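Just so we're aligned: the sequence shown equals residues 2 to 116 in the numbering used here.
The set of hints was computed from the structure by calculation and includes no laboratory data. Hints should not be assumed to be uniformly reliable.
Distance ranges between label pairs, derived from CB positions [said to hold, decoys possible]: (1) V106 <-> E84: 27 to 37 Å; (2) G94 <-> Q115: 57 to 67 Å; (3) L12 <-> Q115: 47 to 57 Å; (4) E84 <-> N109: 55 to 65 Å; (5) T87 <-> N109: 46 to 56 Å; (6) V106 <-> D78: 53 to 63 Å.
Bear in mind that the values here come from a model prediction, so they are computed numbers and not experimental data. Glycine included, C-beta positions come from ideal geometry on N, C-alpha and C.
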Amino acid sequence: MPSLTKIVAILAVGAMSADAFVAPQSKMAATRSNGGPLFLSDEPNSSTGPPPTERGVSVDQDGKSNVWAIEPKMEVDTKSSEEKTTSALLAVGGLAAFAAVAAGVLTNLPDPDQF
């Protein structure tokens, strides 16, 4: 049977978390001085310059929007085949050395039945 302290603790946690999944009911919404909604991109001291142009989007003379893909910049590999071979051999050698040390340690562990 649960003790009284556990029941009180569960009720206290339930009462404190009752509003955790309810949207706030604030009557003051964030608005601009001209009455429009306030967005994160609106800055109070921003200059009113031309709107930023979006890459990959344009509007033709008929008013139709055109969207096209922008391909990412390609990276050029500057390593020679000798450098690639050397790094691959180092990786294989390191793996072989680790395997040899691990095998040596694991084969020389004491017998757990001795204790």
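Self-check item: Distance restraint hint 57 to 67 Å, applied to the beta-carbon atoms of G94 and Q115
Solution: Violated, at about 36 Å.
Practice problem: Can you let me know if the beta-carbon spacing of V106 and D78 is within 53 to 63 Å? | Solution: Violated, at about 38 Å.
Quiz item: Lying within 55 to 65 Å: is that true of the beta-carbon distance E84 to N109?
Solution: 38 Å, violated
Quiz item: Does the Cβ-Cβ separation between T87 and N109 fall within 46 to 56 Å?
Solution: 33 Å, violated
Quiz item: Per the hint of 27 to 37 Å, is the separation of the Cβ atoms of V106 and E84 within bounds?
Solution: 33 Å, holds
Practice problem: Determine whether the Cβ-Cβ distance between L12 and Q115 falls within the hinted range of 47 to 57 Å. | Solution: This hint holds: roughly 54 Å between Cβ atoms.
Violated hints, listed in ascending order, are 2, 4, 5 and 6; each of the other numbered hints is respected by the structure.
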